[in-house]
Each structure stands twice: as C-alpha cells, then as structure tokens.
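Since chain A is already given, all that's left is putting chain B with the ligand on it; use the hints.
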Amino acid sequence: MKPAPFEYVAPSTISGVLEILGQNDPDEVKLMAGGQSLMPLLNMRLSRPALVIDLGKVADLDFIRETDEGVVIGAMTSKRAVEDSELILREHPLLWESTVAIGHPPIRNRGTVGGSMAQADPASEYPAVALVLGAELVAVSARGERTIPADDFFVTFLTTCLEPDEVLTEIRIPRLAPRSGWAFQEVARRHGDFAIVGATATLRLEAGVVVDPRIAVFGVADRALRFSAAESLLTGQAASDEMIDEVASQAAAAVEDPLEDAHASADYRRHLAGVLVGRVLREAAVRAAEASTGA
Amino acid sequence: MAIEIPKSLDQLPTTRPRYVGRGIRRVEDVGLLTGRVEFVDDVVLPRMLHCAILRSPLPHARITGVDTQAAEALEGVTAVVTGEDARRWSLPAQSSPEGWGTHCIAGDKVHYVGEPVAAVAASSRRVAEDALELIEVDYEPFEAVADPFEAMKPESPRVLDAQETNVMLDRVFTWGDVDGAFADAAHVFQEKFRWNRLGANPTETFGCISEWDPMSLDLTIHGSIQSPGMFGLGRAATFGLPSNKVNIISHPHGGSFGGKGGTRGCDISCLLSRKVGGRPVKWIEDRGEYLLSGGGQAWDRHYEVALALDAQGIVTGLKVGLVDDLGATGEAYGAISAAKPLAAFTGPYTIPVAQYDLKLVATNKLPCGPYRGMGPPPHFFVLEQMMDIAARSLGEDPAEFRRKNFIPADQFPYTIPSGNEYDSGNYGEVLDQVLALSDYSAMRAAQAEARAEGRLVGVGVASAIEPGVFDWNAYAIVGMPGTGVPEGATVNIDILGNATVRVGFSLEGQGQYTLITQLVADYFGYEPEDVRVVQLDTQSAPPSFGPGGSRLGVAITGAVLGACERIREKMARVVAVLMQSEAENIEFMDGKFMLKGAPGAEMTVAEVAGTMLARSDLLPPDIDPRPEATHVWTAAGRTPADEQGRAKSYLTAAHAVHIVQVEIDAETGMVEIQRYCLADDCGTRLNPDTVEGQTEGSVVQGIGAALLEEYVYDEGAQPLTTSFMDYLMPTVFDAPKIEMVAVVTPSPFTPLGAKGCGEGAIHTTPAAVMCAINDALAPLGTSAREVPASPMRLWKLISEARNRASDESNDD
Ligand SMILES: Cc1cc2nc3c(=O)[nH]c(=O)nc-3n(C[C@H](O)[C@H](O)[C@H](O)COP(=O)(O)OP(=O)(O)OC[C@H]3O[C@@H](n4cnc5c(N)ncnc54)[C@H](O)[C@@H]3O)c2cc1C
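Residue numbers (this note's numbering), protein chains in the order written: chain A, 1 to 295; chain B, 296 to 1107.
One chain only, chain A, in its complex shape (with noise of 0.2 Å):
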C-alpha cells in the first residue's frame, strides 16, 4: 500500500497554484486538500497523478466569515473548525449537526469542507446540505472565478461540474429564513461511517401550511438528490403525518437506480430513504412549528 511515484509541492498563493496548474496536463494533477480521500485513493494506486499540489500552504482558504447574506467558509476549512464554531452553531445548526456526523475526531481534524464537496462522495453528508441550504461553490482558474449553485455542482459518483484546472476556494451558504425548521439524520451501521443512506431538509410553517420546503438525501443515488416534486407536493399543505408518509414515499419512488452494495440492497435503501424524508420532515415540522410559536 505504497502510492505509485508523484511529484509534490506546496505553493503558498493561488494564483501559484493556478499558475501550476497552466504549466502541467490538469489531468494529471491531483490538488491536495485534508488528503483523507485522496491519500487511500493513492495508497492504493486507484489514483496516479503525475503532481500532486499541496493546498495546506495556500493562505486564506481558512475561514469561517459572516456576512449580510449569511455565511462563508473557505475552501481549506477544517470539519473540526466548523464543530467548534459558534457562529456555525448558532446559523446553521444543520450543517453543524451535519458536520459531527462525518467519520470521526481524526478525520475531521484534516478533511476539509471543499474537499468533501469536491470529492463528491455520493454518501457524503456535505453535498445534500449544501442542496437544502441553497448554497454556493465559488472555483478559481486561469479563466477567471465562477459561483455555482449547489444544485448544477454535484455530477455523479466522485464528480463534479468542476474543471480539471479550477481550484475551489469557497462555500457560502445563506441565512436561512427566520422560523425555519430543519433536521438531519442519517442511518449508518457504526457510529462514524459513510452513511447508508441519510436525508435532510427545511421548511416554514405559516398560517399552518408548509412554505419553501427543501428535501435532500444522500447515499442512495450516484449523488446527493434534492426531491423537488416531492417538495411542490407538500408546499401549501398542513404537515399531518399522511401528508407526510405520502411525501416520504413519493421521494423513495422517485429514486432512480438506487445504490447496491455488500451492506444494503437497492430496495432496502430506496425503503430507507423514504422513512427518514419522513422523519427529516417530522423533525424539521415541529421545529418549525416550535419556532413560529417562540416567535
């Protein structure tokens, strides 16, 4: 379990890192961030670049920033930095609940925020949270910057609309509206793994009818997937448990091809994913209802 020979460097700036990646094929290029993906990819010899390009050393990728809109994270933020922010908890607590769901202590302490997002991992927990919170994935390349909203960035498996030569720098995610509730849970055989299948979302409650739903799962498909029939189906209706079961599983049947693996059929996760949109939406219901009256 020896990585197959590279060339490494770690350039301080990003415009260095982009002037690199102009000098080299980009498809041979593999940029590193916590390494906690990539490193087993090439320790295993699944992943062959020719150069590997450090990010570790490129300054101002690290952040946590609040601003009008709601909030920023640099590309090369920790997980760990995002547990341990109270900005986060207090913003977003989803993707704070979302943040100590992925692997453990150690993990978190390397892996970033934009290399869960690039590396795209259809089980991830980040890309569906990014779906619902309607966020935003800033990328760098010699062409100039580009913003994508999390719903073009997620390809399929290990894929994203990224090109080989751009370099994401940041993620921002917007406020989200007052009285909004949310929940996030996932189903995984151990404490700390890539989940089997897990599901998030948001949605208000006014005058008793359910506003703005957002509904998101992961695990189940070649990506994480946002439900938007399913999502029209319960905009303007009372969030009763049959309104509910009924949306749960209209998200499950709109699953195409769901995942196979040793540890779960596609059935048993097509049938997951409908029980926790159900759960995720009761959660996210009373949340909201909890909210409205606190208000």
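A portion of the hints provided could be inaccurate.
What the hints assert, rightly or not - Partial list, computed: chain B residues near chain A (C-beta under 10 Å):
#, residue
1, A347
2, V422
3, D581
4, L913
5, D917
6, Q969
7, L1003
8, M1087
As the list claims (entries may be wrong) - Estimated spans, in silico, between C-beta atoms of each pair:
#, chain 1, residue 1, chain 2, residue 2, range
9, B, D832, A, P40, 32 to 40 Å
10, A, S232, B, V483, 55 to 63 Å
11, A, E86, B, N1098, 47 to 55 Å
12, A, D267, B, P823, 58 to 66 Å
13, B, R357, A, E28, 51 to 59 Å
14, A, P40, B, P436, 24 to 32 Å
15, A, P40, B, E938, 51 to 59 Å
No lab work stands behind these hints: they were computed from the structure. Using N, Cα and C, we set each Cβ at its ideal position, and we do this for glycine too.
Just chain B with the ligand now, with coordinates in the frame of chain A:
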C-alpha cells in the same frame, strides 16, 4: 523429586498474597505506551531488503505464464520469486486434514483471490510494489465455486488438483443412543442457521524478517509470531530442514486473536532471502493484504440442529449438522475450529446424548484460520437459539428453562457425551448473580410496557462454557496428532537476590508478564520491581506453545510456580547444610528460610542466592550452585482420543451467563444494545483487572460477530469486503457499558485453581445478542437465523412478517 504446585492462593508460601489475585499495574504498559517496545517493523537489519507480494485477482485459474523480466530490471529490485522457486526450495504447507496444503506461491493454478503468484525483494517496499506492476501473469480462468453445497456436488469445479473431491471430511460422530432419545422425545425442535465468515483483526498485522544463512542453511526469523515454537516446526517442515536449524525470534505484537497466521508471506520472504544469498528480507503484511488474504477469516458455517426434550422440558438429545466452508486449503488449520466444539458440545447442560454430522468442504475462498474461541462461539450460538426456541414453544422463561437443564453443582467433575471432563462449576449461582445484577424481572416488566407501545424490545439470556487450557487431543478428529502442550519457564535468582524469569513467548497484550511478576513476587516475598521477565528465541527457550486456546495464564502459572518450587527445594537443602540441619527442618515463608524451633535462625532468598553463587565451596557436592530452575508444565491426565473423538482434552471449563436488552428500530432494522450484563466464573482470578479487560474486549468482538462483521464473497468467489470501509469492526462507539459480576469456583485440577479465561465472552455474546434480537422479534412471529444480524437482514424479516400478517388479516 515430585514438585507440588500450589492449588490455591493459601498454599503460596506467604502469609497473605500481596499481588496474586489483585489488579496490579501492568509491567508491559510503560513500554507499550511510550513506544519503546520493539515491534517487528521497528527492526532494521544490515543489508535488509523489503518484500512485496503479487496476488491473484482471480479465484480459480490456470497460470499459463509469468513474466518477471521487466520487474527484475527495475532499479532497486534484487530478486523476484515465482511458483517455480517455491517448488524447487519448499514443500506444500502442512494442513489439517492432511493433504490439503499447497506451495506458498501458486504453481500451475490459483485457488482463491489473493493467493500469491510472485514476490519481489527490493531496496524499499515502495520499489517492490512498483516492481509488482511490471510482472505479467497470464491466466486462463476456470469456473469458481463459492458455495459449499455446490462444491460438494460431483460436477462441481475441483478446488485442488491433488484431490478427487472438494469434501475434506465427511463423518458422523455419535455419542450415546441419539436415535433412541429422539424417538422417545416428547418434543423435537429443528432449525437451520447460518454463521457468516468473519475473524480476527489485530491492531498489528503479521510481519517478519527472514534470514537464510547460505553456508549453514540455518534459518532465522524475526516476527510478530503468536506461537514461536509451532511456527518454527512448521517452517522446518516446509523447507525440509532439521528443526534445530530454524530459530524464531518473536517480537512483541499488537494482538493476534488467532489472526497472526502469516505463514505464506513468511515462507515467501524465506525463499527471497535464499535467492538473494541470505540477505534479510522483511515482509510486513499491510491491512489490504490482511483482509484479502491474511490469517483472519474463520467460521463460514451452515448448521442444521435438532433438540429432543422430555415431557418435563429437560433436553434429552442434541444433533448438530455442520457444513463448514474452509476455503481453498487446509493450511491455516480452520478445521480445528470444527473439532474444538467436542470439548463442550452440550454446553452447560445435562444433555446425555449427542451427534455431530460434520462436513468440511473446500471452496475457492481464502483458507480459514483460527479466531478467538476457535469454533465454539458459532456452536453455542446455535445451541442457545435452540434452547430459546424450545423455551418459547413450551411457554417457559428462558432463564429458568436453562437453570433446570444446568449440570448441578454437586456433579463435578462431569463428563459430557463428547468425552471431555468439566472440572468444576456452579451454574445456578452464576445465573442468580446475573439475574440480580440485571434486575431481570424489572427488565421484563419494562419490556412488556415497550411491547404494548409496539416497540421491538427484547431480552436475551444465554449461557456457555469456555473450554480452557487446550490439548491437541481435542482436534484428533481432524487429524491433529498427539497429546500434551508443554509450557516452560526458567526462574533465576541473581547474586543480589533479584529474579529473572525466562519464557518462550512475547508480549501479545494479555498481560502474562504481569502475571509472572505477581507470582514470583508473592512466592519469594519480593516487590514487582525485583522481578524481570525475559523472552528467549526458540533455540534457547524452554518448551513453549505461548498464548492460545485459553491456556497461557494457567500454564505459565504452573511453569513459574514449578520453577519457584524447585528453587525453594534446592535452597532449603543449602540452608540445611549451612545451619547444620536437615532439609525437612527448614521452612520457607514470606521470603525467608527458617530453621524449625530455632527462632532467629533464618536466611533471606537473597542471602541464600548470594551464598550459593559466591561460596560454592560450602555447598554439598551434589548441589548445582546456581539458584536457578526450569519447570515445564503440562496438563495432567489428558487421554488420547477414541475412535469417536472422545478425550479428556481441555483441562478447565469456565462458565458465563449473559443478559442483554436490545431494541430494534422496526423501520430501519438497526439494533441498539440497551443493557449488557454478565456473570462469569473462571475459577481463581489471578489478576481480576486482566480478566475484566479480556472480558470486555471479548464482549465487543462478540457484538461485532452478532451485528457487524462479515467477509462477503460474491457468487463467483470474489471478495467484496477488502477494506475497513466494508469489513466492519466494532469501535468504542459500538460498545455498550458492560456490567459484570464474578463467581469464583476454583478448579481442582490447576495451579491456584485458575481456569482459562482469555477467549472468554465471545463464547456467549453472539448467542446472547441473537437471543435478545429474537426475543424482540417474537411478537411478529419471525426470527433471525443468520449472523451477523445486519439492519438489512432484520428489516427484511420484519417487513416480510408484517406483510404476512396483513395478508392474513386481509384474508379474514
Ligand atoms: C475513516 C474515514 C471515515 C470517513 N467518514 C466520512 C463520512 O462519514 N462522511 C463524509 O462525508 N466523509 C467521510 N470521510 C471523508 C472525509 O470527510 C474527507 O475528508 C473528505 O471526503 C475529503 O476532504 P479532504 O479535505 O480530506 O480532501 P482530499 O482527500 O485532500 O481531496 C479529496 C478530493 O477533492 C479534491 N479537492 C480537494 N480540495 C479541492 C479544492 N479546493 N478544489 C478542487 N478540488 C479539490 C482533491 O483533488 C481530491 O480529488 C471519511 C474519511 C475517512 C478516512
């Protein structure tokens, strides 16, 4: 002169034991925690090379060509070996049953995924791995067989060319009038079970450095080796060397649990060392190799079991049919695990007759090896499920149903139908203790409430025996020859009175060096700091098997106390001469030799040792002046196995009852362990902290077995669980709080009355967790018969049961 080894703590020559029987700070821990202990991968020898092994990606294929030229040409590569070298310089591995071993590198064909096909020695492991990519192997794939029932069919692909069949053994062992018992039974219950392949995963995988002296043909092997003596004999057989030409230096290792097999990799590094003219070659098995093709897979079993009961609910007969999938060869001694249940076939019960229909079958999977418990844990899983099936069907409480079938305390020593003798026990007391600890009736009341709310809460009660202090005779039915497993120790007192104990095994985690320290300290009235434990290589050490089969605590206690007794006896003669008396008049207590009836006439151990070493002129001529003695202990009274495999085999029988409460999430199938209580009786507790540590670890491994761990192969025998992403070991987060209570019924047959306890709870835990799960499922009219009870399996059972129920209510 016969040596009397103390049979109980009060027979030690001390007013009050200060160390034995207490938890003392482990002497091993400072070195382990500060990283000073030298593991094999820390060892760097001059001119050492590094080995990497190329493994078959196919489960069954003819090898039509191996081209190593490009690899040999790579800078840093010194040598490449293939099946040809293995055939030239080594023999097929010894196996159980005999004749089912192959060469360490595949020759004409590969038999399982991960089988070595070539290996490289290079300047570093990385270069060696680079070279592997340059080796070209041509395969002609064959159909593979992954299912033992398919493998038993005459038309199945044959795994080994050297055999006519895939059936390694097919025999029925009958102990008593089993047909009569089933014919006369008031109730008969029958069920099938599946125990999926799992196994040991020590923190450290196997590693070794092999050095082949080209002049003398001596072979020296450093390694993380559990049983150095056995390992040396195995290597001598493989290389056709006299056993005195193989020297094994075992280094402290990060656990084993039976998983430190490693023989193939070691033999390959020996071949490489020979090919490079004797330079040392290091092979460190990485975790990928370990999970794919290491020594850590065991117990791939299909059971069919029947229980006969009389009208009073007393079990009168047991039939166990086992189809055991041992994988491609018998080299890793997986067969022993099918034989060991004979040592405790009928568990803690009075079941008078029993039958074992045993089929050992070869498939194109990794050869099975040993794992903590060596076979009985799955056996007790099926026996305990049958006990629950009977109790539930008769409407009896599972705890009380077990109690009335227990061997009564006044019937020990007790011979079970499969031939072994249990030394002692008080099973009713163990049950009482755990019922009290768990507040069983309150647990049942809470369960009733939860059930009324529609929740799937279950309580499991399971009871099992841990056979301790193994003997080879237990495995006679799978072709293991001989009787007697010696363990030796040499105790030496230096000129200032400090004690050094020399043994033949290294640190593995169980704390035996601490135990040795406790024993010597109490025997000679010393402090632990006065005692040093040293490990010798196999050419210097006294006879030793080392840890395994829940034996070493008892065996090393016998060896150390025997050596201490010999020193005492020798010193008493010296003191008698010095005091102008007779040895019978010299008493030894609390570290002092005293002349009877002469107060003040006394010498300390240090004074006697100093005199012996400095003034041999004062000693009688027939006394060896060294204050040193070696004792080799072996279990007395072991008998050769009869034609039906019956023997007095394992010397001790520890006992436990576990009570577990679980809740199953009916929608997801996830199991939560809400309480874990146990009582166990392993006789005298030489170091209670060690017993508790062993118990906790073993419970967690048992939980892994019940809920998580499984090596999955697809229908074509491709392994699907080749990293820790897929092979799920329990972590600390999966471990419940374990509540424990001890009962102490000393063994009448062992040093200090201690029983084997190292394998421990894994005998009972999988059974107990599965009993709890099935108790939770009972209201749905379904039950889990497959281990591990993964959430998907439980969800399927639950949803099928609910669908059946709704179909039935629709029919009404
Ligand atoms: C035992 C274990 C358990 C885990 N459990 C979980 C879990 O439960 N849930 C979960 O989500 N994850 C889990 N992970 C993965 C972990 O969260 C990783 O940290 C994460 O997937 C990748 O982050 P990283 O910073 O380590 O990225 P790296 O491994 O360094 O990189 C991952 C990929 O992203 C690319 N990349 C990284 N940064 C950028 C960037 N700024 N711009 C463009 N591309 C970039 C890299 O080139 C690489 O392809 C686990 C990992 C381990 C080892």
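* **Range hint compliance [Cβ, A/P40 to B/E938, 51 to 59 Å]** => holds (54 Å)
55 to 63 Å as the expected CB spacing between B/V483 and A/S232, which holds or is violated:
With a Cβ separation near 60 Å, A/S232 and B/V483 satisfy 55 to 63 Å, so the hint holds.
Discussion item. So, as I understand it, the hint says B/Q969 touches chain A; can you test that by seeing if any CB pair is closer than 10 Å?
Written reply: violated (16 Å)
Report task. Indicate whether the distance between the beta carbons of B/D832 and A/P40 respects the range 32 to 40 Å. Result -> holds (37 Å)
Practice prompt. Kindly confirm whether 24 to 32 Å is satisfied by the beta carbon distance between A/P40 and B/P436.
Written response: holds (29 Å)
Let's test the interface hint: is any C-beta of chain A closer than 10 Å to that of B/M1087? holds (5 Å)
Range hint compliance [Cβ, A/E86 to B/N1098, 47 to 55 Å]: Roughly 49 Å apart at Cβ, these two residues keep to the hinted range, so it holds.
### Message
Take the shortest C-beta to C-beta distance between B/L1003 and chain A; is it under 10 Å?
### Response
With a closest approach of 6 Å, the B/L1003 hint holds.
Q) Per the CB criterion, is B/D917 less than 10 Å away from chain A? A) violated (61 Å)
Inset, instruction - Please test the hint of 58 to 66 Å on the beta carbon pair from A/D267 and B/P823. - result: Check passed, 60 Å falls within 58 to 66 Å.
Close enough to count: is the Cβ of B/L913 nearer than 10 Å to one in chain A? violated (64 Å)
Does the interface hint hold: is B/D581 within less than 10 Å of chain A, judged Cβ to Cβ?
-> holds (4 Å)
In terms of the numbered hints stated before, the structure departs from hints 4, 5, 6, 13, listed from lowest to highest.
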